[in-house]
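Assemble the complex: chain A is given as a structure, and chain B must be docked to it using the hints.
So the protein lines, in turn, are chains A and B. Okay, so the first sequence: first residue is 0 according to numbering that gives the first Met the number 0, each after it adds one. Okay, so the second sequence: first residue is 0 according to numbering that gives the first Met the number 0, each after it adds one.
Honestly, I wouldn't trust all of these hints.
[Claimed, not checked] Okay, the calculated bits of chain B under chain A, using three or more residues with CB under 8 Å as the criterion: (1) 109-117; (2) 171-184; (3) 191-203.
[What the hints assert, rightly or not] According to the in silico footprint, chain B covers these stretches of chain A (three or more CB under 8 Å from chain B): (4) 83-92; (5) 105-114; (6) 119-129; (7) 143-157.
No wet-lab data here; the hints were simulated from the structure. Every residue gets a Cβ at the ideal spot worked out from N, C-alpha and C, and that includes glycine.
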Amino acid sequence: MAVTPTDAPMVEATDVHKRFGRLEVLQGVDLVVRPGEVACVIGPSGCGKSTFLRCINHLERIDAGTMRVAGELVGYRESGGKLYELRESDIARQRCDVGMVFQRFHLFPHMTAAENVMEAPRTVRRTPRAQARERAAALLERVGLGDKLDVYPSALSGGQQQRVAIARALAMDPKLMLFDEPTSALDPELVGEVLDVMRGLAGDGMTMIVVTHEMGFAREVGDSLVFMDGGRIVESGPPREVLASPREERTKAFLSKVL
Amino acid sequence: MVAEHTATAAPEPIKAVPVRHPGRWVAAAVIAVLVAMFAKSLLTNDAFRWPVVGQYLFSVPVLRGLVNTLILTVLAMLIGIVGGVVLAVMRLSPNPIVAGASAVYIWVFRGTPLIVQLVVWNFLGLFYPRLGLGIPFGPVFFSVDTNTVISVFVAALLGLGLNEAAYMAEIVRGGLTAVDNGQTEAAGALGMSRGQTLRRIVLPQAMRVIVPPTGNEVISMLKTTSLVVVIGYFELFVSVQQIYARTFQTVPLLIVAVLWYLLLTSILSIGQYFLERRFGRGFLPVGR
Numbered sequence: 000m001a002v003t004p005t006d007a008p009m010v011e012a013t014d015v016h017k018r019f020g021r022l023e024v025l026q027g028v029d030l031v032v033r034p035g036e037v038a039c040v041i042g043p044s045g046c047g048k049s050t051f052l053r054c055i056n057h058l059e060r061i062d063a064g065t066m067r068v069a070g071e072l073v074g075y076r077e078s079g080g081k082l083y084e085l086r087e088s089d090i091a092r093q094r095c096d097v098g099m100v101f102q103r104f105h106l107f108p109h110m111t112a113a114e115n116v117m118e119a120p121r122t123v124r125r126t127p128r129a130q131a132r133e134r135a136a137a138l139l140e141r142v143g144l145g146d147k148l149d150v151y152p153s154a155l156s157g158g159q160q161q162r163v164a165i166a167r168a169l170a171m172d173p174k175l176m177l178f179d180e181p182t183s184a185l186d187p188e189l190v191g192e193v194l195d196v197m198r199g200l201a202g203d204g205m206t207m208i209v210v211t212h213e214m215g216f217a218r219e220v221g222d223s224l225v226f227m228d229g230g231r232i233v234e235s236g237p238p239r240e241v242l243a244s245p246r247e248e249r250t251k252a253f254l255s256k257v258l
Numbered sequence: 000m001v002a003e004h005t006a007t008a009a010p011e012p013i014k015a016v017p018v019r020h021p022g023r024w025v026a027a028a029v030i031a032v033l034v035a036m037f038a039k040s041l042l043t044n045d046a047f048r049w050p051v052v053g054q055y056l057f058s059v060p061v062l063r064g065l066v067n068t069l070i071l072t073v074l075a076m077l078i079g080i081v082g083g084v085v086l087a088v089m090r091l092s093p094n095p096i097v098a099g100a101s102a103v104y105i106w107v108f109r110g111t112p113l114i115v116q117l118v119v120w121n122f123l124g125l126f127y128p129r130l131g132l133g134i135p136f137g138p139v140f141f142s143v144d145t146n147t148v149i150s151v152f153v154a155a156l157l158g159l160g161l162n163e164a165a166y167m168a169e170i171v172r173g174g175l176t177a178v179d180n181g182q183t184e185a186a187g188a189l190g191m192s193r194g195q196t197l198r199r200i201v202l203p204q205a206m207r208v209i210v211p212p213t214g215n216e217v218i219s220m221l222k223t224t225s226l227v228v229v230i231g232y233f234e235l236f237v238s239v240q241q242i243y244a245r246t247f248q249t250v251p252l253l254i255v256a257v258l259w260y261l262l263l264t265s266i267l268s269i270g271q272y273f274l275e276r277r278f279g280r281g282f283l284p285v286g287r
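With the rest of the complex left out, here is chain A (with noise of 0.2 Å):
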């Protein structure tokens, strides 16, 4: 997907901080990620990739810095100066317009997949059933679950359940995508298939952050590369330069040992 510069960032991290306890999980992270552009996240764990990830829809609340997304503030409002924090009806509709899908898929597992689909529109948006229904057929069409609409979670693979996950995002009409190590659960053989439908998406032109260690997804389908390691963005950078001629000696450290 082709970026332009002059574009307004989807995503401003500036100097975000988080700490758990006496952990300073985040050290001051800087990112801008523009509409349409891919922005892959990979690190060692415990980096703080993933913390980074949830801070965006503000399931983590950030500790010091600020964090945009559309240009908005995520948690906070600001007036006259100072910050107000954001009611949770505020932080619910902020999150209806980013989509996030879990390392562990989290699908709800007393619904079928269309309902998994349907649930958010149906209680969040008031959308009538029939067309609500209608919408999930049409989003588990686009990742190929069209003929799974009423079985339950447990009956669908592991890379089934994950592409009925990024349809029930999808189904709030998200500007922005965030990936938790999406395909990390999954047996081999599978990852494959939850790729493409990544891919798939990349080319419509969404807005995507994905934490993952597929190298060759990145390679190929992000925009650029951020690689994290201590709470901190070591090295960004368009993903082939990244991976082939990485400038830190920590990027290069951790590609040696798993490329």
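Just chain B now, kept in the frame of chain A:
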């Protein structure tokens, strides 16, 4: 694929002498003898007086007691379940005052005997002669005589229901915490509010864990209602006691009570089976 394989070339089934289980035969024989002895006694022991059982099984006082048992069980469990859900949600609230209030309620109502609670509700007039609404240390807007509001029936209901709420609160809390936190996060990430997440996502899944112990509670309540005898109310067992105190037909009337209790418990068990199936959707092979 396995089926195809067997269809093309049916393999020779294993022929082996099965392991003998003499212990099972001994156990079966012992149980059969005991059952036969019990069956014989049921038929031949005059103490059971089956005609008397038949005479009282559908008698008016027994049926009136039965109706009271049912009313008390249903209403007390209703108070218990609704109260239990409210208390459990309060207990898990991030607000420490709300969580603390729920903890204190559970502590008091689980920590004192039900029989004492029943008596206290019945004699509430001794503690508070008038019940009213007003500002503490300030004016009272209206008040009523406690004894007119708290009849024996109301006291029985409050005693059973509010005590049950404390137990149900812990059962519901256990169910809510058993639901994976990822479910809450996924719902939150979709833009669902905390209330919507609780109603639509967490509670339906928690029900799977909540229903079996709640079934226990209902069955237990069915029999616990007989405690209302201490405040002069009556239900099935009290009615039966009153009859045999007068007629000295103790054994047949106890059988009458046992038969009714077993019948009601059986009906409740069937109901529980269907509830468990309903909330097991997506978890059991059924409905796949």
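Confirm or reject the coverage of the segment 105-114 of chain A by chain B under the rule of 3 or more residues with a beta carbon closer than 8 Å to the chain's beta carbons.
holds (count 7)
* Count the residues of the segment 83-92 of chain A whose CB lies closer than 8 Å to any CB of chain B, then report whether that count reaches three. => Held - the segment 83-92 of chain A has 4 residues with a Cβ nearer than 8 Å to chain B, which meets the minimum of three.
Next item on the list: Check whether three or more residues of the segment 171-184 of chain B sit with their beta carbon closer than 8 Å to a beta carbon of chain A.
Entry: Since 4 is at least three, the answer is holds.
- request: Can you take a look at whether the segment 191-203 of chain B is actually covered by chain A? Rule is 3+ residues, C-beta closer than 8 Å.
  value: Since 7 is at least three, the answer is holds.
Check whether three or more residues of the segment 119-129 of chain A sit with their beta carbon closer than 8 Å to a beta carbon of chain B.
Satisfied; 3 residues make the cut.
Coverage assertion for the segment 109-117 of chain B with respect to chain A, Cβ distance below 8 Å, three residues required = violated (count 0)
With a cut-off of 8 Å between beta carbons, are at least three residues of the segment 143-157 of chain A near chain B? holds (count 5)
In this structure, the one hint that does not hold is number 1.
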